[in-house]
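If you want the building blocks of each chain, they are given just below.
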Amino acid sequence: MLSYIIRRLLISIPVLFAVTVVFYLLADLMPGDAVTAMMTSEAPISRAALASMRDRMGLDQPWPLRYVRWLQGLLKGNLGYSYITFESVTKAIRTRLPATLELMGVSMLISIIIGSILGIVSALKQYSALDFTLTVCGFIGLSVPVFFLGLILIYVFALRLKVLPVSGMSIPGIPFSLADNLRHLALPMFSLSVLRIASFMRYTRSSLLDVLHNEYLTVARSKGLSERRVIMKHALRNAMIPIITVIGLNIPVLFAGAVIIESVFQWPGIGLLYITAVNQRDDPMIMGLAVMSAVVVFLSNLLTDIMYAFVDPRIRYQ
Amino acid sequence: MQIKKWVLTLMLVALSTVLVFAAGDRENTYSEGWLSACACDSSLTTTCTHRLDMTVNQPLVAITWKGDLQPLLAESWEMQEGGKVWILHLRQGVKWHDGEPFTAKDAVFSFNAYANPKVGSRWSTKVADILGYDEFQSGTADSLVGVQALDDKTVRFELKDAIPLWLKLKQTYIPIFPEHILGDVAPEKLVSDPYWSHRIGTGPFKWVKYVDGQYIELGRNEDYFLGAPKIEHLIYRFYSAGATQAAALENGEIDTTAYETTIITLDDVARLDAVPNIDIFVMSKGMPNFIRVNHERPEWGDVRVRQAIRYAIDVDGILESLSHGYGQAAYTVFPQDWAIPDGLNKYEYNPEKAKQLLKEAGWDPNRKVDLVYHYDDLYTRNLLLAIQQNLAQVGMKVELRYTDAATIHALQATGEMDAGYFGFGMGLDPSLGENTMGTGTVESAGYSNSAVDLLFAEGFKLSDREDRQPFYHAIARIANQEQPCIWLWYVMRAVGFNRRVVGPYEHYSEEKIIYFNMPIYNEIENWYIK
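One line per chain: the protein sequences are S and Y, in this order. Numbering follows the numbering used here, with no gaps: position 262 of the first sequence is 262. Numbering follows the numbering used here, with no gaps: position 399 of the second sequence is 399.
Isolated chain Y, as found in the complex:
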C-alpha cells in the first residue's frame, strides 16, 4: 500500500513537471493576433485577410502612413491623360514562392478576377473605375478591356475617367495572385479554391501551414525582392474572444494584438501598459463614432432634432470620465485635419438649447428611441448609458438594445432601424467619408444630399491637396451643420505590443488615424527580435 502511494505521488509530480515546463518557444518567431471569424478566406471575398495580401501576396504598389506610394511589384509608373491612363513597369527578376517568374500576366489575371461576374467577388467595386468594368459585369464583354499587358513586364490601365489619385486610393487595394496556379481554375470555383489556405505569393513570407481555428504559419522568403526578412517565422494566431487575446499578449503568446476590432478596451490600457515589456498605443483618430438615425422616418428628418441630440450629449464629460482622457470630440465626418475647416460649430454641451430645439421641432416626449448597437464590451455599454441619461435630461426617451452584427445590418437593410451607434476606421483619404454620407447605400440610412454627392465626386477628380481642400471643407461644413449622423468622438483603438520585437510598435505609433484594410507598407522585412 505504501509503495503504491509513493508510485502514485511520483507519477503526479512527474506529470505536473511535464505540464509546467514542457515546451519552449521557437526563436526568431513573431506572432500577431488574428480574428477567429476571419479564417483563411479568399482575398476576393473578404478584406480581413489583407495582412496575407501584404505579407504573402503583395500588391503592385502600396502606400505608406505618410500617403506616399511605395513601389512593390511595380517599380515605376507613368500617368497619362491626366490620370486616365496608367503604365506600370513591373520589377525584373521577381519569382513566385514556387520559383515561377512573376509577369504582367499575373497582374492582368488578378484585376480580371476581381471584375469577373462569374467569380462573384464581393469587392468587385475595387476595380469599378477601370474601363470595361460595366461591360464585363453585365456580360457583354468577357474580360476587363482597360487592363492590358504591353509586354511581360509592363501593364497598361485605362480608366473610365481621369482619376489622378487612382494609383494611391484604388490600385493599392488589389493583391496580385499567381496566374500559373489560378488561371486554370473555373471562375465560379475561384473563391473556394484551396489556394487561399495555402497561398503562393511573391511577398516577404512564404506559406508554411494553416491549422484550422488555431493559426497560420509563415516562413521567411530568402528571395524577397526588397531583401530577406530578419524575422524567420511569422505566426497569425486566431482568437475569438478579445479578453483572451489581451491575456495572450500579456502572457507572451502573441507580440501584437489585432487592430481590426477592439481587443484592449480603454479601461485596460493603463493596466496592460504597466506590464514590463508591453506597450499599448492608442490610435485615437478613426472615423467618428456616431449615432445614425433613420432619415426615412419623418421625425428624424428635422435637422433641429439631430442638432438637439448633439447639444444634449456631454461629449467632453464622457470622454474625460469613461475614456480615461483619451479621445477627442468630433463635430463632422472627417478625421483628417486638412479636411476640417476652421469655424465649425463645436456644439458645446447645452441641455437648455437642446430642449428648446426639440420643442421647436415638435418632438413628442413620449416617443421612444430604439437605439441599437453591436459592440459587446462594457466600455461601449457605459458610453451608451451616459448618452441615454443625457438625452433623458432633455426629454428624449432612449431604449438601448444590443444586437449582433448580422441583426444590426439587417435592421439597416430593411429600413427598420430607428437609431444606431456606429463607428469604424477611416481610410487614408477623406474621399472615403462618402461611405457614411453618400446617397443610395444601406449605410446612409436614407440620407441624401446631392450637393454632398457632387462635392465628393469632384474632390476625387483632383490630385493636389490644396485643390481638393475646398471640396472637403464644404462637405465638412454641411456634415457639421446638418448632422446627418450625430458625430460624437473619434474612434479610439488600443493596440498592444510586446517590445521584444522591434518594428511593429514603431510602425503603428507613427500614425494616430486608424487605417484598416488597405495595404500599408510597413517594412515588415526590417522588423527584428531583440
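Isolated chain S (complex conformation):
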C-alpha cells in the first residue's frame, strides 16, 4: 500500500508540471492582459505608455520565458504577487479558503446525507409513487441553472419573506456570531445543495438497485437475516463503491469554490477570487489557483483509490 502511494505521488510530479504548462499557455491565449484589463476611459493612454507598463511588469516577454520565471518562484515555494492588488497569492488563497470550505463543506455534507437517504428510499420503493416523485424532483434539481435558483431564493427568502439576508458572510461591523453566519450561509448553501442532493440521490438509487438484484442478498435473506441487516450490511456496503467515486470526484470542488454562487451571494471564497483574477488577467493569481486545484484533484483521486481498499476488501494495491 505504502509503495503504491509513493509511486502515485511520484507520477504526479510530471503531471502537475504538464498541468501548469497548459494553464500558463491558456492564460496567455486569453485576449488582452493585465495591462489592458487596467485600462480605463477616464485616463486615455498611448500605445507607448501601454508598452512601458508591459515592460515594467515583464509582460513584454514571450510566455515560455515568463513561465520559467514563474516556475522558478514556485520551486522556491513562492506563488508570486497579484498584478493588480500586489497581494501575495499564497496569502490571498489562505484568506479566501476558509469561506469556500465552509460553504462547500456544509453543502456537500448535507447533500451526501440527504441525497443518499433519498436515494436509498427511492431504490427500496422502486416504481412507487414516492420513487417517481423523487425522480421528477431530482431531474428538476439537476436541470435548474444554479444562478437562477440563487436569484429565486433571494427573491423569496430575502425580498418577499424578509427572513434571510441577500449577501455576504455576516452583518458588517458586528462581532462574529455563529447564528448570523449561518443565516448568511443558508441561501448560497441551499442553492448549491439542490443540484448535489439530486445527483447523489440518483447515484445512490441506481447503484443500490444494481446490488439489490444480486444473488448474495437472497442468500443473506435465506440465512434468516432481518431485512434491515440485509440492506445495511450487505447491499449498502457494496453499493457504496460507485458513490465513493462520486464523493471523491467532488472533493476538489470543496476547494475550488463555486464561481457563480459565490458571485451571486458575494460569498468571499475561492470562486470569487478566481473569476476576479480571470477578468483582470491577473496571471500569478490564476496560476496560483490552478496549482492549488491541480494538487487537490490529484490528492483526492488518490484518497478515493485508497478508500476503495477500505470499503471493498477485494481491492488490493501493490
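There could be a bad hint or two in this list.
Said to hold, decoys possible - Which chain S residues face chain Y? A few, computed with CB under 7 angstroms, are given here: (1) G32; (2) T36; (3) M39; (4) P44; (5) S46; (6) T85; (7) S88; (8) T95; (9) L159; (10) L161; (11) V166; (12) G168; (13) S263; (14) T276; (15) N279.
Claimed, not checked - DSS-like mimics (lysine-lysine), calculated; alpha carbons at most 25 angstroms apart, straight line: (16) Y/K512 / Y/K66; (17) S/K162 / Y/K530; (18) S/K76 / Y/K512; (19) S/K91 / Y/K209; (20) Y/K189 / S/K91.
Just so you know, the hints here were simulated from the structure itself, not pulled from any lab data. For clarity, every value in this text was computed on a predicted model and none was experimentally measured. Virtual Cβ for every residue (Gly too), placed ideally from N, Cα, C.
Starting from the known structure of chain S, arrange chain Y on it as the hints suggest.
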C-alpha cells in the same frame, strides 16, 4: 422513539428561530455598495477607491456639484502669474487619525508620490502639469521641483504653463497621504504597502477594518476639522453582481448603490422606486454613449459612412421604447449645456438619407461590421439589437459580439477593433472631452484632428466660462459634423437610495451630469439617519 422525534422537532424549531431572528443591525450605521473588483487598492494605482480618498484621506481642496472650490486641508489659496504659481495655505490644527499633526510635508510627499517613476503610479499624469514632472519621470531629477513647502502650513506649486483652472480641474484629484507613515517606505513598495488596507487620514471617518471580499468599516472622526460627522459607522460593502447589490438595497442591507457602474438597470427603476422608503435617482447626463469606429481602417475614414450610421439609428424611438423615456439624444461630445452651441445637426431619423450616403461613399453591403461591447446587462443587449436592426434596414450588416473589458481594451490597443459600443461618465468640465477625441491615445482609435487638439489646448488655458465657450462650441460643431464617434444618447445611471438616511439622495439628486472619480465635496459629515 416518540421522545426522539420530539427532541428533533424542538431542535429544528430552535435552529430556524435562531436563523430567522438572530442578528440585528447596529444603530447609526450607513452602508454604501462598493464594486468587488475595487478591493482596497492604493490611490496611486486606481481611482475606484476614491471614496476613501474623500472620507478617510481628503485632498487639499475639493469641488462641489456647482463647480465651486471647497476648502478642505487647504483653507485658502492665491493664484499668481495668471495661474502658473499657486500658494496654498493649509488649515491650522488638523491632526492625522493617529494624532500626528498634518503639515506641508504631507502635501509635498503626496504630490511627489504620484510623480515618482519608481512608485510607478498609473495616475502620474494627474500631476503632469507641475514644473519638473518630466525631469522627475525621466530620472534627471529626484523630486518634483514645482512643489515646495514654504513653511509648515504653506505649499507653493509652480506649473509648466499658466493654467487658471488648475486648482479646480487637476489639484482636486490628489488625496493627501501621511508622510510620517509612508515617507520611509521604499518608493517601489509604496503601492503594495499595507497602509492601503488600513489608511490613516485626516478625513471625517477613521479606518476600523477591512474584511477581504466583504466590506470596509469606518468610524466617525470626532476631531474632523469641519465638525464630527453625525453618522457613527460607515460601511462600504462589496458586491460583484449588480443584481445582488440591487437586492441588498431592497432588503435594507445597504443604503446607497454604487454609482461607478450599472447596478440598477433602467428596466428595474420603476419597480424599485415603488418599494417603500427606496428612491431611485436617474443621473441622465453622462458622456454620450457612442459607437467608436476604427479610423485606421479606410472604410471608416469616410465621414459619410459615419453620418449615415447616425441617420440610420432611430435614437428617439429606442430611448422611448427601451429606456422607458429616460435619456436624451446626443449629437456631439459634450454633456454640458454651456459647451453645446445652437444649430447643431440633430440627425433626425432618416433611413433614406442613410442609404444614399452609404451609396455615395461606396459602402460594400457585404462587409460585416464586427461590433463589440462589454456591458453584460440585458438592457444594453436590447439597445444593440435595435441598432443592429436599424443598420440592417439601410444595408449595413452588423454582428454583435460581447467581450469582457480586458478583451475590448486589447482589441483597441492592437488596432484590431472594427467598431465598439462605449460610454462613460463625464467629468465636471468639457476639457475632459479630449479623452475621446484627442490624437494619439488608444481610446481615440486612430482619429486625429489637429484643429480639435488645438482647441482643447487653448480652451484649457482660460479661466472664464465666457472666454472658453467659443473653443468648446467649435469642438462641439466638429464633433457633430464629423461624428468621430457616432454619438447616440447620454449615459444614464440609476442610483438607488434608502431614504432613512438624509443626505445621499439630496446630494446626488442635485446634479444630473455623472461625475465619477473626482472628489466631489458631498458634506458627508452632515448626513444623518432619521
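Hints and how they fare:
1. Using the Cβ-Cβ criterion of 7 angstroms, the hint placing S/G32 at the interface with chain Y is satisfied: the shortest such distance is roughly 3 angstroms.
2. For S/T36, the interface hint holds, the least distance from its beta-carbon to any beta-carbon of chain Y being 4 angstroms, beneath 7 angstroms.
3. Here the hint on S/M39 is kept, as its CB sits about 4 angstroms from the closest CB of chain Y, short of 7 angstroms.
4. For S/P44, the interface hint holds, the least distance from its beta-carbon to any beta-carbon of chain Y being 4 angstroms, beneath 7 angstroms.
5. Among the interface hints, the one on S/S46 holds; its C-beta lies about 5 angstroms from the nearest C-beta in chain Y, closer than the 7 angstroms criterion.
6. Satisfaction of the interface hint for S/T85 is found here, the shortest Cβ-Cβ separation to chain Y being roughly 6 angstroms, below the 7 angstroms cut-off.
7. Taking 7 angstroms as the C-beta contact cut-off toward chain Y, the hint placing S/S88 at the interface is violated, the least distance being around 9 angstroms.
8. Annotation: interface hint on S/T95 holds; nearest CB of chain Y at approximately 5 angstroms, less than 7 angstroms.
9. A distance limit of 7 angstroms between C-beta atoms decides the matter here; for S/L159 the minimum to chain Y is near 6 angstroms, and the interface restraint holds.
10. For S/L161, the interface hint is violated, the least distance from its beta-carbon to any beta-carbon of chain Y being 9 angstroms, above 7 angstroms.
11. Because the beta carbon of S/V166 sits about 5 angstroms from the nearest beta carbon in chain Y, less than 7 angstroms, this interface hint is met.
12. This hint holds: S/G168 has a C-beta 6 angstroms from the nearest C-beta of chain Y, less than the 7 angstroms allowed.
13. Annotation: interface hint on S/S263 holds; nearest CB of chain Y at approximately 5 angstroms, less than 7 angstroms.
14. The restraint placing S/T276 at the interface with chain Y holds, with a minimum CB-CB distance near 6 angstroms, inside the 7 angstroms limit.
15. A least Cβ separation of about 6 angstroms between S/N279 and chain Y falls short of the 7 angstroms threshold, and the interface hint therefore holds.
16. In summary, the hint linking Y/K512 to Y/K66 is supported, as the alpha carbons are separated by about 11 angstroms, within the 25 angstroms threshold.
17. For the hint pairing S/K162 with Y/K530, the CA-to-CA distance comes to about 22 angstroms; that is within 25 angstroms, so the pair holds.
18. Between S/K76 and Y/K512, the direct Cα distance comes to roughly 55 angstroms. Violation of the 25 angstroms bound is thereby established for this hinted pair.
19. The straight-line distance between the Cα atoms of S/K91 and Y/K209 is roughly 18 angstroms, inside the 25 angstroms bound, and the hint therefore holds.
20. As the CA atoms of Y/K189 and S/K91 are separated by approximately 17 angstroms, the hinted pair is consistent with the 25 angstroms bound.
Violated hints for the displayed structure, listed by number in ascending order: 7, 10 and 18.
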